[in-house]
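**Student:** Listed here are the chains, written in short residue letters.
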Amino acid sequence: MNWRRAWISGFLVLPFLVLLALGFGTDPHAVPFVLKGEPAPAFRLESLSGEPVSLESYQGKPVVMNFWASWCEPCKLEHRLLQNAARRFAGEVVFLGVVYQDTKEAAVDFLNKYGNEMTQLLDPDSKTAIDYGVSGVPESFFINRKGQVVYKEPGVLTPERLFGELEKIMRD
Amino acid sequence: MRYLYLGIIVVFLFGQESRAESRLTGAEKAKAEAIGAVLRCPVCQGMPIVDSPAKMAIEMMDVVNEKVAAGESEEEIINYFIGRYGEWVLLRPTAKGFNVLVWILPPLALLLAFAFIVYRARGAGKREAVEDKSGDGSEDSTLDAVRKEVEL
Amino acid sequence: MLGVLGRSLILLACAFASCGAICGYWGGFKRDTRLLKWSSRCIYLFSLAMLAANGVMVYALLVHDFSISYVAQVGSRSTPTLFTIASLWSSLEGSILFWGLILGGYISVFNFAYRNRYRAYMPFALATLHFIAVFFALLISGPADPFEPVFPVPEDGPGPNALLQNHILMLIHPPMLYLGYVGMSVPFAIAVAALLKGELAEGWLKPLRQWTLIPWAFLTVGIILGGWWAYEVLGWGGYWAWDPVENASFLPWLAATAYLHSTIVQERKKILKVWTLSLVLSAFLLTILGTFMTRSGVFNSVHSFTQSSIGPTFLVFLGIVLIFSVGLLAGRSHLLESEGRVGSLLSRESAFLLNNLVFAVFTFTVLLGTVFPLLTEAFKGVRVSVGEPYFNKMAVPLGLLLVFLMGVGPVLPWGQPRLDVLLKRFLLPLGVGLLAVVGGVLLGLDDVLVLLTFLLVGFATTTSFIEMFGPALSRARERQEPYWPVFWRMFKTGRRRYGGHIVHLAVFMMVTAIAVSQSYKTSIEASLKQGESMQINDYTITYKTTEGRQEPHRFSVGALVDVFKNDVRIGEMEPKLNYYQTQREPIGTPAVKTMASEDLYLSLLSFEKDRSRVAIKAYVLPMVVWIWVTIPLFVLGACVAFWPKTRRSQAEKAQA
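Chains E, R and P, in that order, are what the protein sequence lines are.
Here this note's numbering is used: position 20 in the first sequence is 20, and no number is missing along the way.
Here this note's numbering is used: position 112 in the second sequence is 112, and no number is missing along the way.
Here this note's numbering is used: position 652 in the third sequence is 652, and no number is missing along the way.
Possibly wrong hints are sitting among the right ones.
[As the list claims (entries may be wrong)] Here are the simulated SDA-like pairs of lysine to any residue, each with C-alpha atoms no more than 25 angstroms apart in a straight line: (1) LYS380(P) x ILE104(R); (2) LYS270(P) x ALA6(E); (3) LYS492(P) x LEU633(P); (4) LYS270(P) x ALA113(R); (5) LYS393(P) x PHE114(R); (6) LYS609(P) x PRO32(E); (7) LYS393(P) x GLU28(R); (8) LYS380(P) x GLU28(R); (9) LYS31(R) x TRP488(P); (10) LYS521(P) x GLU33(R); (11) LYS521(P) x ALA113(R); (12) LYS96(R) x VAL396(P); (13) LYS31(R) x LEU345(P); (14) LYS197(P) x PHE11(E); (15) LYS609(P) x ASP102(E); (16) LYS393(P) x ALA70(R); (17) LYS67(R) x PRO32(E); (18) LYS393(P) x PHE98(R); (19) LYS521(P) x ARG23(R); (20) LYS29(R) x LEU445(P); (21) LYS270(P) x LEU345(P); (22) LYS96(R) x LYS609(P); (23) LYS29(R) x THR540(P); (24) LYS96(R) x LEU368(P); (25) LYS36(E) x LEU633(P); (26) LYS393(P) x GLU33(R); (27) LYS393(P) x ARG23(R).
[Unchecked claim] According to the in silico footprint, chain E covers these stretches of chain R (three or more CB under 8 angstroms from chain E): (28) 51-63; (29) 81-88.
[Claimed, not checked] Listing some non-contacts, in silico: residues in chain P with all C-beta distances to chain E over 10 angstroms: (30) ARG41; (31) PHE135; (32) ASP145; (33) PRO154; (34) LEU322; (35) LEU329; (36) TYR483; (37) SER597.
Bear in mind the hints are in silico, worked out from the structure with no lab data behind them.
Just so it is clear, the structure is predicted and the values come from calculations on it, not from any experiment.
Heads up, the beta-carbon is just placed ideally off N, CA and C, and yes, glycines get one too.
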């Protein structure tokens with residue numbers, strides 16, 4: 001047995017193992033967030049009550065955009081939290097809900113059942129969702145006064161996250 | 001969530017009768033399909049949007065079709081999606097920077113393999129010429145002799 | 001109660017395996033026959049314990065004992081019995097338990113087959129298998145414990161993964177794949193034994209070859225069945241998407257195939273010993289890597305089982321085996337020197353060498369593409385994807401190169417060729433290849449790659465046929481004997497060679513079918529009102545109505561359509577969407593009308609509740625059925641190559 005050669009070659013494969021180990025640290029299903037710091041994509045959508053709404057109309061105000069659907073179980077979890085925040089920060093922060101891959105009727109039913117304090121928009125062909133790089137619901141975007149996307153929550157919002165990010169977009 | 005790629009609840013898909021696809025010419029349709037073949041469907045994790053039956057993929061394909069109809073170039077359309085979903089959305093890494101490796105290494109390996117074989121065979125050929133022809137070579141000289149080697 | 005029983009059995013299995021490993025290595029080095037006997041007994045005991053543990057689990061699934069974690073996770077009172085049994089391998093923990101059972105089966109048969117032979121090697125081989133068995137027993141008793149108690153005991157469970165109980169192929173495809181994966185442990189152990197012993201005697205090559213052929217055949221069938229399953233269930237008209245999990249099964253297959261070829265050169269020319277052994281070791285390592293990729297969630301894939309704690313355990317095992325293999329290979333390689341040498345560039349050994357290097361490059365490419373996202377994430381912090389367009393671009397030339405070599409290789413003689421003889425031998429195959437191209441053009445095919453495939457396949461198929469039937473012809477003529485008895489005699493003495501050619505023919509058939517089905521598939525998507533029709537190629541599809549059916553485990557919605565070909569009604573089809581309780585998204589059952597020349601494939605995308613309208617995607621996919629048809633051909637080839645020689649044919653060979 002040539003031990004020296006054996007050991008040296010054995011350790012040559014370590015980088016590969018380290019690479020695989022590193023792979024553990026990452027969530028393979030997460031879609032990267034590339035809009036960070038970029039201007040938020042503009043949109044013009046119809047609200048549930050029928051008026052046209054565009055992002056420009058909220059210029060100078062911080063905006064929270066929440067993509068959701070009535071068929072989405074996790075969306076129910078964060079619904080009340082978002083409603084409370086929308087009530088509390090009314091006038092300071094704009095809370096927009098965007099209905100994703102859902103019918104108007106189902107969305108209205110859902111909101112009648114669970115309550116609503118936000119402006120709800122319809123995105124029938126998901127153009128706006130694609131513009132924001134949405135890959136599933138719920139997903140929330142935080143936009144500051146300058147109209148830049150500051151943060152994306154790729155899942156259910158926690159109160160800490162929500163209020164922490166709200167503070168940031170209200171500050172700058 | 002794991003099997004979201006099968007998200008075929010497209011019960012709500014109707015209402016968009018005039019999909020952009022139907023307005024495309026043959027060449028434009030081919031162009032859109034080529035673009036759709038390299039874009040990854042975000043809810044399927046690994047399938048191109050042109051193949052996937054998921055609603056998200058169908059909608060992304062619509063965006064591609066519309067942009068093709070509006071006369072945007074392949075590069076512009078792909079860059080649009082990269083701007084939204086990152087390089088991750090591209091099923092075929094761009095041959096730039098670090099990614100060059102994934103394109104270069106396999107052909108390089110093949111080239112090295114060829115070189116190795118030519119090198120070994122030429123060495124062998126010279127030796128064979130100097131030494132005497134060993135039995136292996138000559139016994140093969142006729143067709144029938146080879147046929148006799150049924151026991152491989 | 002059952003849980004305690006199951007877990008005790010696993011711990012028992014673990015104990016037997018550990019004991020066997022120690023006895024085996026110790027006995028092997030000290031040449032102590034008593035210890036070796038115990039090592040061999042431990043194998044049977046391990047297998048019995050594993051069998052019993054699996055029996056307990058199946059029983060628990062059948063009686064719906066939801067106090068056991070795995071049953072609570074995958075069991076359901078509404079699942080049909082057949083799928084309840086199959087749920088043993090439908091989820092992570094159960095599939096690893098099942099893995100243990102297969103491992104037990106393999107090593108018992110291996111041990112029994114060679115109980116009185118290869119005394120110098122067997123201890124090391126058995127000990128290595130014991131070591132692998134210890135790992136799996138540990139995995140089942142700890143990180144992937146399926147027998148964990150659940151409290152409070154639920155009334156009912158969610159049932160197995162809906163995707164897996166959606167199609168009957170799921171009953172056969174995973175076991176086939178596992179038989180392939182697990183079986184690679186045996187050649188690994190054989191190779192390790194050779195390296196530990198420091199020599200690779202002629203006699204030890206045969207077990208190595210035969211025990212690689214078995215898992216290779218299972219893996220081949222498993223991979224094709226996997227493609228078939230994807231085709232019948234996923235509804236996108238495709239069968240292979242270069243998904244990390246598919247790659248995980250393809251990688252060991254590539255390595256094992258390379259081995260099956262390199263061993264021919266090794267036996268014949270006494271060269272490539274180290275290379276051959278490395279291929280065997282890699283095949284096993286790649287199965288472990290594949291399992292790691294599938295089960296740990298490191299890779300982005302639709303098939304991945306949920307993320308779990310078994311990832312790190314697997315990584316440690318992979319690390320140990322990898323370092324051990326590479327170290328062993330490096331430390332022992334000088335003992336396995338080549339005795340022969342390569343002939344000229346146009347010799348058969350060069351063709352084999354090239355074949356092996358192409359396989360190696362192929363394996364490397366697939367591996368690189370699969371782990372590349374990890375690389376960029378680690379080095380650049382950017383997440384990229386490597387998918388179908390990349391792999392297709394890389395795999396097509398490599399695949400065609402392999403077909404070319406399959407055609408040229410058998411024509412080239414060992415050693416030094418004579419050019420004039422060579423050219424004569426190329427004429428007929430080349431002619432047939434060109435004829436195939438002309439035929440393709442006349443049929444209206446215009447894709448360059450498809451025509452190139454026709455040329456190469458025509459060439460290679462002819463070579464294979466000449467190689468199979470030609471020798472007997474010249475022998476029969478020479479001796480003026482009737483043809484078939486001569487052929488049969490040659491067939492019996494040269495089974496491996498004939499088996500190899502049968503497998504090659506299967507590959508040619510598959511390559512052609514893949515090339516044509518990929519290049520000439522057409523699809524169209526339409527939304528139809530009742531009575532409306534859509535048109536694809538020669539087919540007219542008319543929507544009639546939608547039907548919903550409540551089945552025990554699912555609610556199924558089917559769209560009934562009439563299908564006409566050139567205005568002649570050829571039947572009714574019903575693409576379906578199935579709704580499972582546990583799953584929001586429905587799972588499709590595409591309707592496939594299979595014909596010899598093409599498949600009509602309908603996928604139901606959506607429907608309206610009042611039946612007024614459906615959206616259907618229709619595909620016409622030429623020649624797809626020829627991919628599945630290769631399965632029996634592959635199996636036949638493997639069997640022919642594997643079948644041991646009878647004494648009589650050995651005697652005949654001695655005479656000849």
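**Student:** None of the hints should be skipped; say for each whether it holds.
**Tutor:** Outcome of the hint check:
no.: 1; hint: LYS380(P) x ILE104(R); verdict: 18 angstroms, holds
no.: 2; hint: LYS270(P) x ALA6(E); verdict: 24 angstroms, holds
no.: 3; hint: LYS492(P) x LEU633(P); verdict: 18 angstroms, holds
no.: 4; hint: LYS270(P) x ALA113(R); verdict: 20 angstroms, holds
no.: 5; hint: LYS393(P) x PHE114(R); verdict: 20 angstroms, holds
no.: 6; hint: LYS609(P) x PRO32(E); verdict: 37 angstroms, violated
no.: 7; hint: LYS393(P) x GLU28(R); verdict: 23 angstroms, holds
no.: 8; hint: LYS380(P) x GLU28(R); verdict: 36 angstroms, violated
no.: 9; hint: LYS31(R) x TRP488(P); verdict: 56 angstroms, violated
no.: 10; hint: LYS521(P) x GLU33(R); verdict: 13 angstroms, holds
no.: 11; hint: LYS521(P) x ALA113(R); verdict: 35 angstroms, violated
no.: 12; hint: LYS96(R) x VAL396(P); verdict: 23 angstroms, holds
no.: 13; hint: LYS31(R) x LEU345(P); verdict: 44 angstroms, violated
no.: 14; hint: LYS197(P) x PHE11(E); verdict: 23 angstroms, holds
no.: 15; hint: LYS609(P) x ASP102(E); verdict: 15 angstroms, holds
no.: 16; hint: LYS393(P) x ALA70(R); verdict: 30 angstroms, violated
no.: 17; hint: LYS67(R) x PRO32(E); verdict: 23 angstroms, holds
no.: 18; hint: LYS393(P) x PHE98(R); verdict: 19 angstroms, holds
no.: 19; hint: LYS521(P) x ARG23(R); verdict: 22 angstroms, holds
no.: 20; hint: LYS29(R) x LEU445(P); verdict: 21 angstroms, holds
no.: 21; hint: LYS270(P) x LEU345(P); verdict: 18 angstroms, holds
no.: 22; hint: LYS96(R) x LYS609(P); verdict: 50 angstroms, violated
no.: 23; hint: LYS29(R) x THR540(P); verdict: 22 angstroms, holds
no.: 24; hint: LYS96(R) x LEU368(P); verdict: 17 angstroms, holds
no.: 25; hint: LYS36(E) x LEU633(P); verdict: 55 angstroms, violated
no.: 26; hint: LYS393(P) x GLU33(R); verdict: 17 angstroms, holds
no.: 27; hint: LYS393(P) x ARG23(R); verdict: 31 angstroms, violated
no.: 28; hint: 51-63; verdict: holds (count 6)
no.: 29; hint: 81-88; verdict: holds (count 7)
no.: 30; hint: ARG41; verdict: 30 angstroms, holds
no.: 31; hint: PHE135; verdict: 16 angstroms, holds
no.: 32; hint: ASP145; verdict: 20 angstroms, holds
no.: 33; hint: PRO154; verdict: 19 angstroms, holds
no.: 34; hint: LEU322; verdict: 5 angstroms, violated
no.: 35; hint: LEU329; verdict: 7 angstroms, violated
no.: 36; hint: TYR483; verdict: 54 angstroms, holds
no.: 37; hint: SER597; verdict: 38 angstroms, holds
Violation of the numbered hints given earlier is confined to hints 6, 8, 9, 11, 13, 16, 22, 25, 27, 34 and 35; the remaining hints are satisfied by the structure.
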